[in-house]
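Enquirer: As you go down the protein sequences, you meet chains A and B in turn.
Under our numbering, the first residue of the first sequence carries the number 218, and numbering increases by one thereafter.
Under our numbering, the first residue of the second sequence carries the number 5, and numbering increases by one thereafter.
These are calculated hints, taken from the structure and not from any lab test.
Some hints could be false.
[To be verified] Per the computed footprint, the stretches of chain A lying under chain B, defined by three or more beta-carbons under 8 Å from a beta-carbon of chain B, are:
hint, stretch
1, 244 to 253
2, 407 to 413
[Unchecked claim] In silico EDC-like pairs for lysine to aspartate or glutamate, Cα to Cα no more than 20 Å straight-line:
hint, chain 1, residue 1, chain 2, residue 2
3, B, Lys118, B, Glu133
4, B, Lys210, A, Glu279
5, A, Lys363, A, Glu307
6, B, Lys210, A, Glu324
7, A, Lys271, A, Asp223
Glycine is no exception: its CB is placed at the ideal position from the N, C-alpha and C atoms.
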Amino acid sequence: MRIELDFASILTQWPLLLSGVFWTLGLTAFSAVIGVIVGVAFAWVRISGPGWLKWIVGSYVEFIRNTPFIVQLFFCFFGLPMLGIRLSPEAASVIAMVINLGAYATEIIRAGIQATPRGQAEAGVSLALSRYQVFMHVVLPPALRKVWPALVSQIIIVMLGSAVCGQISTPELSFVANLIQSRNFRAFESYIVATAIYLMLAISVRALLNWAGPRYFFGGRRG
Amino acid sequence: MVEFTLWDIVRNLLLAARWTVLLSLVAFVGGGLVGLGLLILRMSGVRGGARFVAGYVQLFQGTPLLMQLFLAYFGLALFGLELSSWVSAGFALTLYTSAFLVEIWRGCVASIPKGQWEAAQSLALNFGEQLRYIILPQAVRIAIPPTVGFLVQVVKGTALASLIGFVELTKAGTMITNATFRPFLVYGCVAVIYFLLCYPISFYAKSLEGKIHARS
């Protein structure tokens, strides 16, 4: 038996693949920014918010971390219209990704904040900074720097998880791979190419974020 | 037209959840065995062994599980194997699980002080004996909490097997949705069942971790 692989018929579809890559990166970038902001806000709540709010955020974190992303996505896309919230596939994907990343980011950032010595926050207070200023300028930057690699890993996991979004016809990379194989029946080659692209994306996004994080996002030149 | 009561929905989902549990166990046990083999290869000092395992881990951790499942499904068929979704899903999830477990366990073995290896060598134990009697008993103790914790990822990972036609909890949810037109309720129930499966495992892993920290 001979197996003939025909990668040329996939690679000639490069404009499609490229648009898939842009969608995947765009979805990831958007949900990473909002997800980390959600994570910071909720981490603050879990450490110094009022008791009932702590409980709500804690339940959210545990519920999201213990259910599969695909179910969260299907719930957003198929379930929410029953409540009158009709979402496009792209919007449902972003919302599900933000909800998912937000829960993990909350836990990661909370761990970072708790690892920051109390004395630093107290020193901030003694300089007559407001609670908000202490959190944003004293507590948060070193906490983020400490957990940044973990946060980057989680962002990569969310990016790879976004392959599922193609199932509700968000035009990202795995959707494109599916589209190509439905046209030329080269399923194996098509998914091999998509998988290789995902691998390159994962490696380069991780390198980029690990490089850029300490330089641009928090704390400036000291890192 | 047949009316579905809430109990009908929940009952059918619970029946399907058996397959989620079973597939998780297959992947976890299979992944554990393959992972152990990779761990031994990694530590044995065989030429290229460490590099192979590093590449393997990078490959499976750096690509979407969904793509791995599709490749297993379409790829194995290409070799003329007439495959059920069972075999493809079990195969892909086993490899995926093994890549994560070998990385977790490698960290645990690396945390055993070097002196333990040297002491074992000085007792003229060979590599297998060093592992068997000195290193693994200590490493296993540290490895249990993160390994149990990873089981949650495996259970959640099996949800993707629904996309290659494996009828488990998520797929059953989709099928029941198509019959009842009540996605909010059905996917809500699906999520709750996953939560009831996974949360106790997460909780147990966390309490094990707490115990280890308390001891040391």
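Enquirer: Compare the structure with each hint and give your call.
Expert: Status of the hints after comparison with the structure:
no.: 1; hint: 244 to 253; in the structure: violated (count 0)
no.: 2; hint: 407 to 413; in the structure: holds (count 4)
no.: 3; hint: Lys118/B with Glu133/B; in the structure: holds (16 Å)
no.: 4; hint: Lys210/B with Glu279/A; in the structure: holds (12 Å)
no.: 5; hint: Lys363/A with Glu307/A; in the structure: violated (33 Å)
no.: 6; hint: Lys210/B with Glu324/A; in the structure: holds (13 Å)
no.: 7; hint: Lys271/A with Asp223/A; in the structure: violated (55 Å)
Checked against the numbered hints above, the structure violates hints 1, 5 and 7; every other hint is satisfied.
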